[in-house]
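Protein chains in written order, with the numbering used here: chain B, 2 to 413; chain C, 2 to 413.
I should point out that these hints are in silico values taken from the structure, not numbers from a laboratory.
Model, not experiment: these values are computed from the prediction.
There may be inaccurate statements among the hints.
Any copy, or any two copies together, can satisfy a pair, since identical chains are not distinguished.
[Unchecked claim] DSS-like cross-link-like pairs, simulated, lysine-lysine; straight-line CA separation at most 30 Å:
1) K44 with K333
2) K177 with K139
3) K355 with K393
4) K165 with K243
5) K393 with K373
6) K373 with K44
7) K355 with K44
8) K6 with K355
9) K243 with K177
10) K44 with K378
11) K355 with K245
12) K177 with K203
Here is what each chain is made of, one letter per residue.
There are 2 protein chains.
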Amino acid sequence: MSFAKKTLFIVLDGLGDRPIQYFGGLTPLEVARTPNISALVEKGACGLLDVIGVGVRPGSDTGHISLLGYDPHAQYTGRGPLEAVGLGVHLADGELAFRANFATVNSQGVVVDRRAGRIDSAKPLEAALNSINVEGVKCHFKAGAQHRGVLIFRPQKGMLLSDKISNVDSNAQGVKISLCRPLDKSPEAAFTADAVNQYLSKASKLLLKHPLNKTRVKNKLMPATGIIVRGAGVAPHFEQFKEKFGLRAAAVSHTGVYTGVAGLMGFDILPLKNATGRGDTDLDEKARVAAGALSKYDFVFLHIKGTDVFGHDGDYVGKRNFIERIDTAFSKFSDLNDTLVVITADHSTPCEMKNHSADAVPLLMAGPGVRKDAIRKFGERDCGRGGLGRLKGADLMPEILNIMARTPMYGS
Amino acid sequence: MSFAKKTLFIVLDGLGDRPIQYFGGLTPLEVARTPNISALVEKGACGLLDVIGVGVRPGSDTGHISLLGYDPHAQYTGRGPLEAVGLGVHLADGELAFRANFATVNSQGVVVDRRAGRIDSAKPLEAALNSINVEGVKCHFKAGAQHRGVLIFRPQKGMLLSDKISNVDSNAQGVKISLCRPLDKSPEAAFTADAVNQYLSKASKLLLKHPLNKTRVKNKLMPATGIIVRGAGVAPHFEQFKEKFGLRAAAVSHTGVYTGVAGLMGFDILPLKNATGRGDTDLDEKARVAAGALSKYDFVFLHIKGTDVFGHDGDYVGKRNFIERIDTAFSKFSDLNDTLVVITADHSTPCEMKNHSADAVPLLMAGPGVRKDAIRKFGERDCGRGGLGRLKGADLMPEILNIMARTPMYGS
Numbered sequence: 002m003s004f005a006k007k008t009l010f011i012v013l014d015g016l017g018d019r020p021i022q023y024f025g026g027l028t029p030l031e032v033a034r035t036p037n038i039s040a041l042v043e044k045g046a047c048g049l050l051d052v053i054g055v056g057v058r059p060g061s062d063t064g065h066i067s068l069l070g071y072d073p074h075a076q077y078t079g080r081g082p083l084e085a086v087g088l089g090v091h092l093a094d095g096e097l098a099f100r101a102n103f104a105t106v107n108s109q110g111v112v113v114d115r116r117a118g119r120i121d122s123a124k125p126l127e128a129a130l131n132s133i134n135v136e137g138v139k140c141h142f143k144a145g146a147q148h149r150g151v152l153i154f155r156p157q158k159g160m161l162l163s164d165k166i167s168n169v170d171s172n173a174q175g176v177k178i179s180l181c182r183p184l185d186k187s188p189e190a191a192f193t194a195d196a197v198n199q200y201l202s203k204a205s206k207l208l209l210k211h212p213l214n215k216t217r218v219k220n221k222l223m224p225a226t227g228i229i230v231r232g233a234g235v236a237p238h239f240e241q242f243k244e245k246f247g248l249r250a251a252a253v254s255h256t257g258v259y260t261g262v263a264g265l266m267g268f269d270i271l272p273l274k275n276a277t278g279r280g281d282t283d284l285d286e287k288a289r290v291a292a293g294a295l296s297k298y299d300f301v302f303l304h305i306k307g308t309d310v311f312g313h314d315g316d317y318v319g320k321r322n323f324i325e326r327i328d329t330a331f332s333k334f335s336d337l338n339d340t341l342v343v344i345t346a347d348h349s350t351p352c353e354m355k356n357h358s359a360d361a362v363p364l365l366m367a368g369p370g371v372r373k374d375a376i377r378k379f380g381e382r383d384c385g386r387g388g389l390g391r392l393k394g395a396d397l398m399p400e401i402l403n404i405m406a407r408t409p410m411y412g413s
Numbered sequence: 002m003s004f005a006k007k008t009l010f011i012v013l014d015g016l017g018d019r020p021i022q023y024f025g026g027l028t029p030l031e032v033a034r035t036p037n038i039s040a041l042v043e044k045g046a047c048g049l050l051d052v053i054g055v056g057v058r059p060g061s062d063t064g065h066i067s068l069l070g071y072d073p074h075a076q077y078t079g080r081g082p083l084e085a086v087g088l089g090v091h092l093a094d095g096e097l098a099f100r101a102n103f104a105t106v107n108s109q110g111v112v113v114d115r116r117a118g119r120i121d122s123a124k125p126l127e128a129a130l131n132s133i134n135v136e137g138v139k140c141h142f143k144a145g146a147q148h149r150g151v152l153i154f155r156p157q158k159g160m161l162l163s164d165k166i167s168n169v170d171s172n173a174q175g176v177k178i179s180l181c182r183p184l185d186k187s188p189e190a191a192f193t194a195d196a197v198n199q200y201l202s203k204a205s206k207l208l209l210k211h212p213l214n215k216t217r218v219k220n221k222l223m224p225a226t227g228i229i230v231r232g233a234g235v236a237p238h239f240e241q242f243k244e245k246f247g248l249r250a251a252a253v254s255h256t257g258v259y260t261g262v263a264g265l266m267g268f269d270i271l272p273l274k275n276a277t278g279r280g281d282t283d284l285d286e287k288a289r290v291a292a293g294a295l296s297k298y299d300f301v302f303l304h305i306k307g308t309d310v311f312g313h314d315g316d317y318v319g320k321r322n323f324i325e326r327i328d329t330a331f332s333k334f335s336d337l338n339d340t341l342v343v344i345t346a347d348h349s350t351p352c353e354m355k356n357h358s359a360d361a362v363p364l365l366m367a368g369p370g371v372r373k374d375a376i377r378k379f380g381e382r383d384c385g386r387g388g389l390g391r392l393k394g395a396d397l398m399p400e401i402l403n404i405m406a407r408t409p410m411y412g413s
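Sequences and hints are given; from them, build the entire structure.
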């Protein structure tokens, strides 16, 4: 077979890293034992990918938009709406969505922990939050995995909301919680910022006295005593993936911005029973569902979040071990026929930075029609010597369509 | 000498390929014995070239426009006019040219073979075709190599033609011949499409009873019983190569779109006695004429078509053997002084796909001033490890001008 009929597109979130002294200057990926991925490398070609552009530090949202063949500069309206769609919320025109974190905020209003100790589930707090009323806005809160959630503002008759407001989540700990400020002089921005502050203040009061938090404090766990929001935006409009690329597409991913991006692009979101969006997720289930979906879909997007979580936590041993667990689950991908397997990342999350970086991410393409190169191990430096060279995110879907022999000729 | 005074620019049409199982996973170029090209590789640097862009599948026309330093998105008006100029036809403003194939069409109107069995020469059919009259249009047919030809429509006084019409050649066999349809609602498009259908219908009747076809049928060869056209367009306007790059330029190429592109750019087209545009072309003559032209010209474009023909036919052994014959002819280029030798392709034509692909093509630059790298063999994967990295077609002429020390400084 000289070309691939299907594509399994795997994003290991935040996979790329920097040299770790503890690993003798290797990265978690380079040091990990990955026999199954190496078997794919044997059959494929590697390269490095600047997900948006050289030196552009992607968010998970903009990174995924770019990886999936869309221009984030043209399409991105903020993280909030993508997270909301990822949690199954429908957004009508004019409605505003925020990404929300449950956080531990102390009595002086200082953010002690941006993720409330990575609380296991904040679902029991949802009902209290949905009892909050703010004049002129219908507020809706939906809890996601762990500390994550989305806040939706639906303007009441005659009111207008604006996304020109500041983030309350300043991505910092040990600092006082910020107030939401309007970013322009419009009455809509002033009204929206005020509504956010009202909502968060009321939420704080309800959360403080919530039984779940009392139990957490008793168990010496960080309580979820505040909500911090960011990424306010309206729903973006994506040309449907099927129309744009001619591929029937499905996503295998936990809730979150990845699922939101894929959902807005028209991917079918396949159900998972045991996904957690953390290092304890059921990798076998994900790999099994993804492999199975290849019989029905042309393009299957498999997203695994844990790599990024370990990066943010600075846990390089955990990141390496999780990569090895991923590799074990990927034994299911060793004998896919007629399928192009792509493995890459939406950005680097170097453990010693505990945050996203713009470092180029490793890229592997393996399957029929690929000019396999001499690389033998999937790693940042190995990929830098690979046959694909250094590509940009915008090159990736065209390169995939070419391997699938689905590229229209330009000229004749 | 630290820079090149002349450039020999060699395009091996459709050279790039994908791994072939029969060759143990190597490509025809990788498996070919090419001692003379290897001697150039020893002195040069290699890379991979995305002729138009990553994942963009070039036609021969758009590919050559890009390789020669022009932007096809700005310049391309269709294949027809380039082919026409390549056959020495002058196109005035308002005149429309089509690329035409002689095809074998059966009595049910099904295209059995798009190339009439790669008919040796259709020249004897020309006179019959030039007897056809269509109201409002002066029709002119010129046969090219093998099954190839061009059809020119010259509007009669007061009439206007449009290129907004569909192709009759659908690039498929075993399907019914298409009618030409207008692609917009203008009266010019309707008139032009109708004129095309009239012409092709009359051509079909004349070809069916032509003595050449009766002889072909008797000899069990595919008859040229129909004409299929595509790539309708008016002549494009290119800034002359001499003005744009300051180089006196000549082309050594058989008739066809390559010659048309070079002709419109102002290249002198050097005469060849024995070129055929196939695998049986006189490679020695071409190499001799090209090497000789370097005494008079700064930039000599040598085009060899056969590699692409073998690719379209899926004949990987033939492609490999032809590459080896090319290499033998290139012994003439082993002792060129002060000359930069560039070898590349306008696109890949993987034998197992029998069509163009967007796979990056190999690139070699050898001569004085080049930072030679460690690559030893000209091949797709070797070039992927080369010192030039992965470039785009638009980078090539600037890179050549730099090696020739002819680049104006930007800044001071």
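Okay, the hints, checked on the actual structure:
no., hint, verdict
1, K44 with K333, "within (16 Å within a copy, 39 Å between copies)"
2, K177 with K139, "within (27 Å within a copy, 61 Å between copies)"
3, K355 with K393, "both (24 Å within a copy, 28 Å between copies)"
4, K165 with K243, "between (32 Å within a copy, 27 Å between copies)"
5, K393 with K373, "both (20 Å within a copy, 21 Å between copies)"
6, K373 with K44, "both (6 Å within a copy, 26 Å between copies)"
7, K355 with K44, "between (33 Å within a copy, 23 Å between copies)"
8, K6 with K355, "between (38 Å within a copy, 17 Å between copies)"
9, K243 with K177, "between (46 Å within a copy, 29 Å between copies)"
10, K44 with K378, "both (11 Å within a copy, 22 Å between copies)"
11, K355 with K245, "between (36 Å within a copy, 25 Å between copies)"
12, K177 with K203, "within (17 Å within a copy, 71 Å between copies)"
Taken one by one, the earlier hints all hold for this structure without exception.
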